[in-house]
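Visitor: Okay, here's what each chain looks like letter by letter:
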Amino acid sequence: MKLRNPFDAPPIRAAPLPGQEDPTGELQGPKPDPLSDSERPPPAPAGQAYVVEFLGTGAEYSRLWLLNLLLTLVTIGLYSPWAKVSQRRYLASRTVVGGVPFVYLGEPIPILKGRLLAVVLLAIGWAIYSLAPQTQPFVIILAILVAPWFLLQTFAFDSRNFSWRGIRLGYAARYRDAAAAVYPLLVWPIADLAFRQGAEGTYDLELLVPLLAYSLLWPWTVAAVTRLRLGGARYGTASAALDASTHDFYLLYFKGIGATFFALMAIGIIAVAFADRLLEPDYAALIRAVTLIGATAIALGYARGRRFNLALHRLVVGDRIRFRSTLEPRTLARLYLRNALWVTATFGLAGPWRKIRTIEMRARTITVYVADGFETIRPLPSAPRSASGEALAEGLSIDLSL
Amino acid sequence: MNELRALLFEGSTAAARSVSVVVDNQSVSLVEDGGARIFVPRSGLLVLTPPSAPRPVLQAAGGEQLVLPSDELIQRLKLRPAAVVWTERASRSNCAALLAIAALACALFAALGWLLPRASQLAVEYLPQSAEARLRADILRIVDRGYLRPSALSTDEKSRIRARLKVLAEAGGLSGVRLEFRDGGAVGANALAVPGKVVVVTDQLVDLLGESRQLDAVLAHELGHVQHRHGLQALMRRTGFTVVIATLLHEQGLLERVARMAPQALLQAGYSREAEREADAFAFRLMRSIGGSPQDFADAIARLEKQRPDSTRTSSYLMSHPSSAERMEAAGAAK
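Just so you know, the protein sequences line up as chains X and P, in that order.
Residue numbers for the first sequence follow our numbering, beginning at 462 and rising by one.
Residue numbers for the second sequence follow our numbering, beginning at 2 and rising by one.
I should point out that these hints are in silico values taken from the structure, not numbers from a laboratory.
We treat Cβ as the ideally placed atom computed from N, Cα and C, and that holds for glycine.
Treat the hints with care, as some may be off.
Unchecked claim - Stretch-level coverage of chain P by chain X, calculated; a stretch enters the list once three of its residues show a Cβ under 8 Å from a Cβ in chain X: (1) 46 to 52; (2) 65 to 77; (3) 98 to 107.
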């Protein structure tokens, strides 16, 4: 017998069976292509719908953040693992999908050990690097070689400590995929080195070429990182697959965001030029700052909104769990703009409160569809893993949250 | 006896079973819709979620998880949390949060106003010579590639001006200061002090002021920067500021990093103006000791101000130097 979840909100709508027409016609979008995929939600997938709710409040989270910050400063960072754990526990317990919250199971002590080990390793590396200059190339090459592995360990550590419906999330990906995501980040320094040897008067070129190379590779990097982060995700025995190609990301950025970007640049340049000419220097500086922050916020909002939608719509977990997002990039851009102004005006104190607002907004737009129930999703047999390696990676904290 | 609906996850699959939680005096039991009853030892129950979670999750000794609709049961049975994090409890009080804000504000004030300047001064004192020399080479390379061109001054002119600098440096008790000449290009008439005891003057400055007391006054000002090692201190402060702010606002995104630039620019400009005033005061003293006057400095500033293009005006809060009017007034007061 199949039991109903007593906390479930009723399904948003009866999802049409595959191949069946949507009775209301409301969800009949055009044929999915990457751009419209990220613009408007595709038809609801088949299966039972579960609403995502975020029940945290800015006041609660800000208070927690403030106390954590104070204790972390007072203990010169030793409290930071407890701070991290408490913040994650808070966010997880307030994220409720289909009436069931996430649970964060991470513990502070292993994180502390990892962080202390990381400090020691970094100190040793730095000592070798500066005391024996002839080893420098080897240290750099070693660091480059282990970076992807550390990235995988960080993801694994971050994922494995969350559970939902009694089943832990997990993470598994290959070194090769991690390398594909990390190595484009080296383009800037390499291009920079290559052009540093140039003749006199190439100063502009020296800045422009690495920047251009980097921008052209950006969608590729984002695609690799997104595929790595989501494609390696596990929910118990169910593994995730992200059906989005690099080409999709190029379309998303260059066709979708290019126009917004150039419009923002044009508006920004005109605003700054007018302000410089017409206003007192103090006000002109204010306009410059607001223009820079505003343009960054809007561009970031659009980019992340579209990326979020693209990733969610193309993600399938264990062939049965699908997602649908109704997030509008425009709305996210507006929220980012407000966030940026608040954070600047309060010297960062409003940060946690705005973070809650952002999570709330994103969560509200997601619906999870589960076909065929949860019976076949089982926990992974918990093989003893190199928890210290993961904790160490967490300590070195390679952050690729683009 | 009291009844409560809950969701049971046994951990073997992600599927849920709907159960009633029945609490007797001694034990907790879960009753399925079919009537089957599971006893759960009360002592083995742990609370996995933080305090006041909207949907508390309990874990039984066997690893089963129980999702409750409210924390009433936890209160009633006084169940133990699986992890105790001190700030989770404390953060439920507004009072503690207000105290934290006050303490953080004090800490920030102390860090930026006292700790950072002191620490940067100490760091500058203990910085090895080799590091300073490497820094000097890097900075000179950057200015040469970006802004400056080789000087067109004659060797005679250069050595005469070097002699003037030597007199000034000796009067100020400084040794080993190197003077470099460059064509200023778009920068125009200017002088700068590079960490590692190097003063750079542009051809345009020499053309504007000639080999005069006024040029001496500008050189004396740059020697003031050398004496106080302002360049290095600014670098240390910038690094320190980044560390302080990154610690305060850690775990924040790109947007916050951009937003942080505004307060940083304001503070940096504030420090920089302070350093300029210090260098000015040093120049006033030095000019008097070689038989000149602070008025020479005021005159130099006035002539520099006159030829400065209008497009370089900036906000008074973001200016790296005090206003020319203020500097001339200070020179007048120092006479």
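Visitor: Does each hint hold? Answer for all of them.
Guide: A quick look at each hint next to the structure:
1. 46 to 52: Per the Cβ count (3), the hint holds.
2. 65 to 77: holds (count 4)
3. 98 to 107: With 5 residues in contact (Cβ-Cβ under 8 Å with chain X), the coverage given for the region 98 to 107 of chain P holds.
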